[in-house]
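S.K.: Here is what each chain is made of, one letter per residue.
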Amino acid sequence: GQQLNQSPQSMFIQEGEDVSMNCTSSSIFNTWLWYKQEPGEGPVLLIALYKAGELTSNGRLTAQFGITRKDSFLNISASIPSDVGIYFCAGGTQGGSEKLVFGKGTKLTVNP
Amino acid sequence: GAVVSQHPSRVICKSGTSVKIECRSLDFQATTMFWYRQFPKQSLMLMATSNEGSKATYEQGVEKDKFLINHASLTLSTLTVTSAHPEDSSFYICSLPRGGGSEKLFFGSGTQLSVL
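In order, the protein sequence lines correspond to chains A and B.
Take the first sequence: its position 16, counting from 1, is numbered 16 in this note's numbering, and each next residue is one higher.
Take the second sequence: its position 68, counting from 1, is numbered 68 in this note's numbering, and each next residue is one higher.
By construction, these hints were calculated from the structure, which means they are not laboratory data.
Remember, it's a predicted structure, so these values are computed and weren't measured experimentally.
Don't take each hint at face value.
Lysine-lysine pairs mimicking DSSO-like chemistry, simulated, CA-CA at most 27 Å apart [stated by the list, open to error]:
#1 B/Lys41 / A/Lys104
#2 B/Lys14 / A/Lys99
#3 A/Lys70 / A/Lys104
#4 A/Lys104 / B/Lys14
#5 B/Lys20 / A/Lys99
Okay, chain A solo, but in the shape it has when bound:
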């Protein structure tokens, strides 16, 4: 089946630093989404991408849909302690009522 390779698995950074994480796949996706999950909570949608090459920002977050449609990255600028959590990428292939494939997550720790 389809798989997403998300890296890095974990990151330990200082407050104020920029962060970059990415997802790659051997399969083509029509949508890429990035979620953040905090302990004991469901994932929260951060950014949704719909077109190859699309670059979208949400505050300090920026994500891009790769030209080949097989990859995506998420950048967080000027990290703050509340950025701590697990970030998941997800790829979708169906036109509607989306069944998503999730990456294994990147655990982010921000030291004040």
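Add chain B to chain A, keeping to what the hints say.
M.R.: Same frame as chain A, now just chain B:
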């Protein structure tokens, strides 16, 4: 505001009992909902697709008699873990597709099930 409401947030039960988890769509009618399962430090694994007014569609390896799904109305889907065992202990999360083409998923807050 919240799109999805999931209850309960935490359940502790004895082995052999059944547990029901509810997922409600708060502001629109959902013909489809998804149920995911997440083990500690793992990603989300799709268990089944809940379809309003018809049978749920289960992913390979998920026992439909073990995980009963009912989607009787356009705002409510329930997942019942029947005769729960310790290996069923996990974080269960429902989600709703939204967006113009239903391409985004919005998740409930999850239910942590612990079976003793």
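S.K.: Run every hint past the structure and note whether it holds.
M.R.: A quick look at each hint next to the structure:
Between B/Lys41 and A/Lys104 the CA atoms are separated by roughly 9 Å; this keeps the pair inside 27 Å, and the hint holds. For the given pair, B/Lys14 sits about 33 Å from A/Lys99 by alpha-carbon distance, which is inconsistent with the 27 Å threshold. Pair hint A/Lys70 plus A/Lys104 holds up; C-alpha atoms about 16 Å apart against a cutoff of 27 Å. About 30 Å separates the Cα atoms of A/Lys104 and B/Lys14, which puts this hinted pair outside 27 Å; it is violated.
Taking the CA atoms of B/Lys20 and A/Lys99, the gap is about 23 Å. The hint holds against a cut of 27 Å.
The structure fails to meet hints 2, 4 from the earlier list, while all remaining hints are met.
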